[in-house]
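Participant: Protein chains in written order, with the UniProt record's numbering: chain G, 1 to 278; chain W, 1 to 455; chain P, 1 to 327.
If you are wondering where the hints come from, they were derived from the structure by calculation, not from laboratory data.
Certain hints may be false.
Derived list of chain P stretches under chain W, where covered just means 3 residues or more per stretch with a C-beta under 8 Å from a C-beta of chain W [what the hints assert, rightly or not]:
hint: 1; segment: 68-79
hint: 2; segment: 157-167
hint: 3; segment: 173-185
hint: 4; segment: 284-292
hint: 5; segment: 305-319
Even glycine gets a Cβ: it sits at the ideal position worked out from N, Cα and C.
Residues per chain, in single letters:
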Amino acid sequence: MTAQANPLRRLRERGRDNAAFYAVLVIGAALWLFPLVSTVRQSVQFGGFHNYLTVLTTDYNGVNLLRAFANSLLIAALTVVLTCGIGALAGYAFAKIDFVGREGLYHACLLLLAVPAVAIMVPVYWITGNLGLFNSPVGVSLPEVVLTLPFAVLLLRNNADSIPDELIEAARIDGASHLVVFRHIFLPLSRPALINLAALCVVWSIQDFIFSSMLLTNASSTTAAQAVQSIQGAFSPTPIEHSQYFAALMLLAVPAIVIVVLGLRFITQGMTAGGVKE
Amino acid sequence: MRKEAQLGRLLGTAGAAVALILTAAACGNSGGVGGSSNAAQASVAAGQSVTLNYWTWFPAQTTLQKSIDAFEKANPGIKINLREFTNTNYQTELPLALGGGQSLDIVGVQVSAMTNSVRKNLRPVSDWASDLPSNWQSQINSTMLDQTQKIAQDDTLYSIPMGSIGSAFVYSNQALLAKAGITAEPTTSAELAADVAKIKATEPGVTPVAFSGESWWQDEVFFTVADQIDPKLSDELYTGKVAWNSPQMVKALTAYQNLFSSGTLGTGTLSLKEADADNAFNSGKAAFLLEGSWDSSVLSSAYRQANGISVADVGAGYLPVSVAGGSPAARTYAEGGLAIPKSSQHVAQAAKFIQFMTLSQQGESTWAPDLVLVPSLNGYTVPSSVLTSPAAQSGYQTIAQTIDAGGSGRGEYSTTFTSDVLDNSLLQVARSQITPQAEAAKLQSAWASGRYPLQ
Amino acid sequence: MSTHTSTVRPGATLAEGRPAGPATQPPRRRSAAARRLRRRALIPALCFLAPMLALYGVYYLYAFVFLGQTSRENVDLSFSGATDAGWRNFRLVLTDPLFWKSIENNLLFAAVQIAVALTLGFFLAVSLSSGVRFRRFFYIAFLLPSLVPLSLFATVFGQMIQTNGGALNQTLSDLGLASLAQDWTGSPTAAYVAVFLLLTYLIGLPIMYYTSDLTMVNTAVLEAAQIDGARTGQMLRLVLFPMLRTTHKTVILSVLLGSFRWFELIYFSTGGQPSGGTGIAGTYIYGQMFPSTGSAEIGYASAASVIVLLIAIAVSAVNVLVQRRRP
Chain G
1 MTAQANPLRR
11 LRERGRDNAA
21 FYAVLVIGAA
31 LWLFPLVSTV
41 RQSVQFGGFH
51 NYLTVLTTDY
61 NGVNLLRAFA
71 NSLLIAALTV
81 VLTCGIGALA
91 GYAFAKIDFV
101 GREGLYHACL
111 LLLAVPAVAI
121 MVPVYWITGN
131 LGLFNSPVGV
141 SLPEVVLTLP
151 FAVLLLRNNA
161 DSIPDELIEA
171 ARIDGASHLV
181 VFRHIFLPLS
191 RPALINLAAL
201 CVVWSIQDFI
211 FSSMLLTNAS
221 STTAAQAVQS
231 IQGAFSPTPI
241 EHSQYFAALM
251 LLAVPAIVIV
261 VLGLRFITQG
271 MTAGGVKE
Chain W
1 MRKEAQLGRL
11 LGTAGAAVAL
21 ILTAAACGNS
31 GGVGGSSNAA
41 QASVAAGQSV
51 TLNYWTWFPA
61 QTTLQKSIDA
71 FEKANPGIKI
81 NLREFTNTNY
91 QTELPLALGG
101 GQSLDIVGVQ
111 VSAMTNSVRK
121 NLRPVSDWAS
131 DLPSNWQSQI
141 NSTMLDQTQK
151 IAQDDTLYSI
161 PMGSIGSAFV
171 YSNQALLAKA
181 GITAEPTTSA
191 ELAADVAKIK
201 ATEPGVTPVA
211 FSGESWWQDE
221 VFFTVADQID
231 PKLSDELYTG
241 KVAWNSPQMV
251 KALTAYQNLF
261 SSGTLGTGTL
271 SLKEADADNA
281 FNSGKAAFLL
291 EGSWDSSVLS
301 SAYRQANGIS
311 VADVGAGYLP
321 VSVAGGSPAA
331 RTYAEGGLAI
341 PKSSQHVAQA
351 AKFIQFMTLS
361 QQGESTWAPD
371 LVLVPSLNGY
381 TVPSSVLTSP
391 AAQSGYQTIA
401 QTIDAGGSGR
411 GEYSTTFTSD
421 VLDNSLLQVA
431 RSQITPQAEA
441 AKLQSAWASG
451 RYPLQ
Chain P
1 MSTHTSTVRP
11 GATLAEGRPA
21 GPATQPPRRR
31 SAAARRLRRR
41 ALIPALCFLA
51 PMLALYGVYY
61 LYAFVFLGQT
71 SRENVDLSFS
81 GATDAGWRNF
91 RLVLTDPLFW
101 KSIENNLLFA
111 AVQIAVALTL
121 GFFLAVSLSS
131 GVRFRRFFYI
141 AFLLPSLVPL
151 SLFATVFGQM
161 IQTNGGALNQ
171 TLSDLGLASL
181 AQDWTGSPTA
191 AYVAVFLLLT
201 YLIGLPIMYY
211 TSDLTMVNTA
221 VLEAAQIDGA
231 RTGQMLRLVL
241 FPMLRTTHKT
251 VILSVLLGSF
261 RWFELIYFST
271 GGQPSGGTGI
281 AGTYIYGQMF
291 PSTGSAEIGY
301 ASAASVIVLL
311 IAIAVSAVNV
321 LVQRRRP
């Protein structure tokens, strides 16, 4: 990128400013990476890098880390599919069908944006039990989807505002049903937003601790976020196992780090694409 | 063309989604919340083996594994699948799992803290006593059996206790003590303070006294101090015979606060978890360790060797007396209850394991030498070969005697009052953020607020 | 939560510069024909909304009714043998100082993160957008703590702030700053500082908003400002900062909305210590549902949940109103 292409570059045109900018970034990055570095250091303090191999190949409290990653990803996949599917349908209805009570319903939906998982923990436990979904990825995924849906609807409706109504009206006059318009116009044009939504769903789903820890009690269905806590008891308070615990913590972060590094483009691009009103 | 391709992709995605959901849903349990009805028993054909799911938090996996190996060897048709949790985690996980109808066959029950939160999901012992020897009750320490039954709100026996524990005690690293010129276990807080000063002087890198900063541990230490004034004081507080703002209570709070304000116990240690404190002691970075008798394994040199604990010799004693005119105390209770959940489909086999663990010499000899409990089996004594040094021998003797003396009930009154109000405010007392008088008044007003009915 | 710990609400970003209200401004008075049309559109609309409404019906509507019921009972996790408690649970929650402390902390922590995001977050985003070398590396470094599972990051942070042997105190003393070492979860002030530090680590998402919006504002005016002799600090404060007014609003609202879903943040770091001093709404309810001794008091936990839900919905309502008032 050339200097002139980016006007912000002017902020650090003077040598002193330039140095200050870099100093803040370098010191900042060092501070931000400090937890990572200190965890790695503690994980190899006793037993060295071999700890990582030990941790990967041992079952802690019946929990195998690789299995936990797989469980997290399965739940995340379910959450993505359900949230994007249900969210897109609802987003279409809110954005492109002019029906009685639309605004009321839409705003009621937005009121649920800040509902915390903890506050519906009691009924979710009861509901999941009665649906027979304890220890099932679906049982965890459904409440995650429900908590993400208000946001999904907001995102997809806002995005749909950039789809010209004329386009849809023209198709409708040509005799296209809502389903056809949804499939052939709405979905393709919502793709960037859906990708953004999917990326965020993955991030949020693998972060979920409450539902997975409450609804998954089988060792074999434990998720990565839950494993942070449930494997703790399996490490004896000896120096080497203490280090191994840190190695386990490090490994639990790996899938998230991979997803962030690979998916960052989608997260930011999606946001940028959604934010520009052309 | 494009549209068709898109439609195809859409249908493909939808199909995949449905398939994914169906597969995933198939792993679920069958419905209901509560888990309070008896599961039908699975029939086991001859030669077929049965796997029992065993959940517990205690004793440590290394200890239990020896028992399980011995049991499986003696009973070739039964496999035990053990899952072990941390203490605090287990109190959350077990009720959730049992309420969710998880199929478990044997569960460890914290007699004092958990009996009532899971009893609706457990089969009373009378339901499966027919699978035990007919005289089983006479083989178990009657006090411990009685305590296990009395704790249940419906006065029913739900588990058979493996033994009894008490707290708080002090374990000591003999090598560090010798280096600092300390020759005997401290018996008063003044002696402990002097010892701490010596250790600080000779070993600046060592934590003089390590202990868990977890909130539940604070009331253990506090009540031990309180019971030094009167061995039944903590019982009387919980039964309402003594007010929380009574003079004895203020005296106890003051003594407890002094332990910290004098620097004998460091408030910095309060950020440690139990495992961290044990770790510090086990790796030779702490001279004393305040712990419950469940940590007596460290007295066994065989256990230390098997678990990579580098400390050469460990001694033990009661919590030094911190009040003038007081006497040594410890709160004790039956512990390590073994129970069979209603969800178990293998009651007979589970009973067999419990019998092995609590009623057979062979079973006891697998876990009791690790000293985690004073065993409940009448007539069982820990082989003398376990304790190899004079310090460990006299330490274990002190602990066993103090437990036998039977002070107040440890954690017998585990109400949310203890966890919500008492534990949190004890931390404030320890840090001198509140005076003993103000604290006593606060406790009494919370006690009387109606929020915490006696269980 | 959990799911949305995340301060992320990129949706709000997307709403920038356009009404979140109706896509086409409906005329104030509609003809009878138009009304009929809209009524007829109800059936296809409901078909599209059906999956969402079904889930809402179960997990929100039924859940709220269920909470309303259990909050007036004494009941444990087995949900059997419930006895009527009337309004007792509500009365006890509302008179519990720890409950109010947790709500207060919730708002305080949100305010702190907003303040950090608007200053440090803004500056870091500008730096990252100014064509620096290794931009991707820096960007990921700042975003990472916000995107790994919060339970994990908070656990690591909790280990760092341990008084004895924690990496923070150790590093401070290695740097010769031993006097700054603290009993982090011991004194209320130090514990606040620790939580503020943790909140600072988690400003990745505001940084994301700023960086994405910085590519959209017309930064060319900086040139004019520079010609007018503005210094760097002035350009940042007086030119760039006001230009991102809508982004600031997004950041504020998203942090506020997300803050009720912080739970792991506190639960895994300070655990609410000292003595509930850093507890928030989430940890309060969780602690009632899973007490460290004794059985779960589902009735009491439900009453606290109802009150927290009402507060969270009220905050959302403010958000909706603010968004609607946009031109």
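Participant: Please go over all the hints and tell whether each is borne out by the structure.
Facilitator: Hints versus structure:
1. 68-79: It holds: at least three residues are needed, and the segment 68-79 of chain P offers 4 whose Cβ sits within less than 8 Å of chain W.
2. 157-167: holds (count 6)
3. 173-185: Holds, because 3 residues of the segment 173-185 of chain P bring their Cβ atoms closer than 8 Å to Cβ atoms of chain W.
4. 284-292: Result for this restraint: holds, n = 5.
5. 305-319: Since 0 is below three, the answer is violated.
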